[in-house]
Amino acid sequence: MSRVLLIIPAYNEEANILKTYKSIIDYNKKNKETYDVIVINDGSKDNTEKILCDNNIPHICLIHNLGIGGAVQTGYKYAFEHGYDVAVQFDGDGQHDVRYVKKIISPIIKGQADMVIGSRFIEDIDTFKSSFTRRIGIKIISIFMKFTSGFKIVDTTSGFRACSKKIISEFSLSYPCEYPEPITTAEVLKKGYVVSEVSVEMNEREGGVSSIRAWKSVYYMLNVCLALLSVKIRRYKKCR
Amino acid sequence: MSLNLVITLIVVSILLILFTTHFLKEGKIPVKYSLLWYAFALIIFLVGIFPQIFTFIYKKLGFEVMSNMIIGIFIGLLIILNMALCIMIAEQKKKTIMLIQELSTLKSKENKKF
Chain A
0 MSRVLLIIPA
10 YNEEANILKT
20 YKSIIDYNKK
30 NKETYDVIVI
40 NDGSKDNTEK
50 ILCDNNIPHI
60 CLIHNLGIGG
70 AVQTGYKYAF
80 EHGYDVAVQF
90 DGDGQHDVRY
100 VKKIISPIIK
110 GQADMVIGSR
120 FIEDIDTFKS
130 SFTRRIGIKI
140 ISIFMKFTSG
150 FKIVDTTSGF
160 RACSKKIISE
170 FSLSYPCEYP
180 EPITTAEVLK
190 KGYVVSEVSV
200 EMNEREGGVS
210 SIRAWKSVYY
220 MLNVCLALLS
230 VKIRRYKKCR
Chain B
0 MSLNLVITLI
10 VVSILLILFT
20 THFLKEGKIP
30 VKYSLLWYAF
40 ALIIFLVGIF
50 PQIFTFIYKK
60 LGFEVMSNMI
70 IGIFIGLLII
80 LNMALCIMIA
90 EQKKKTIMLI
100 QELSTLKSKE
110 NKKF
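If you read the sequences in order, they're chains A and B. The first sequence: position 184 = 183 (numbering that gives the first Met the number 0), numbered continuously. The second sequence: position 36 = 35 (numbering that gives the first Met the number 0), numbered continuously.
Don't take every hint at face value.
As the list claims (entries may be wrong) - What follows is a set of in silico ranges between Cβ atoms, one per label pair, in the way DEER data are often shown:
id, chain 1, residue 1, chain 2, residue 2, range
1, B, Val10, A, His63, 43 to 49 Å
2, A, Asn64, B, Thr20, 38 to 44 Å
3, A, Ile232, B, Leu35, 27 to 33 Å
4, A, Leu172, B, Leu105, 57 to 63 Å
5, B, Lys111, A, Tyr235, 36 to 42 Å
6, B, Lys27, A, Asn64, 53 to 59 Å
7, A, Lys109, B, Gly26, 57 to 63 Å
8, B, Glu63, A, Lys138, 46 to 52 Å
Worth flagging that the hints you see were computed from the coordinates, not collected in a lab. C-beta: ideal position from N, C-alpha, C; glycine also.
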């Protein structure tokens, strides 16, 4: 049986973190699953650390805020050191639904993919799909992704993703600090790994603040597109 | 080149040598970085003392006056230095992130947080 780890990066998530953790534990009990959890407290300034300690939630407390990339990579390092077969990035703000973890990890367990992205856009499910302008941004990034890697990825910025043991090992060694989702996807594709997308539903944030704020969206998109072009010109060692 | 510019260049080069030596003595910059600043000082000094070496170059490079070429050279050198510093900062950032991750993991393990 594959060992699965859910990596939950958390920055000032006092409002949601306990609820998110409990939803996973309840799911495990109801469905006889054994998903492990590690929360990476990315130097939160609120009561996130206290909540994690009081409720005995397994976590790593970063001594300084590293941003989403540094926090998630800490989780991959933990997964690598503890020999997990699959690692799933899972948001601590209540956006991701634990019921979809099984769907996301399934292609990896069957050996059909090395990385699976939980996509909001590949099937027309009537749930939260983020704002119109952000969807246009995601579409433009998707075009750049196709140009960079030759593959079409619809939901390029989705943080709900699962990785195989090989990818865990890659990410534990190198993981971008900024704009990690689209860049890692492009890098993984360029290295010759198989990336697939499965349809998932996502909820709207229940509290806290998204790492991509509205006024920063255009700047974010420009940077991501430039970063993807840099992936295009860089040389990577092929995995197979 | 005017006498005033010659004096200015020599004074600047001497000041640069004095500052670099001072920081080196205080242990604020390592020897390998101080060499770069000594090289800068030497170039400024050479331009001041032997301007004729550069007089035949500046017109060929398209500069109207010698002083423009001097400024151009230094802007070029500063751009190179800036890029080198950018690369250095990126490398230091990677190392700092790795240290924070490793230290935090060890600390959390020690405190039995996982």
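Checked against the structure, which of the hints given earlier come out wrong?
-> Violated hints (numbers, rising): 4 and 6; every other hint is consistent with the structure.
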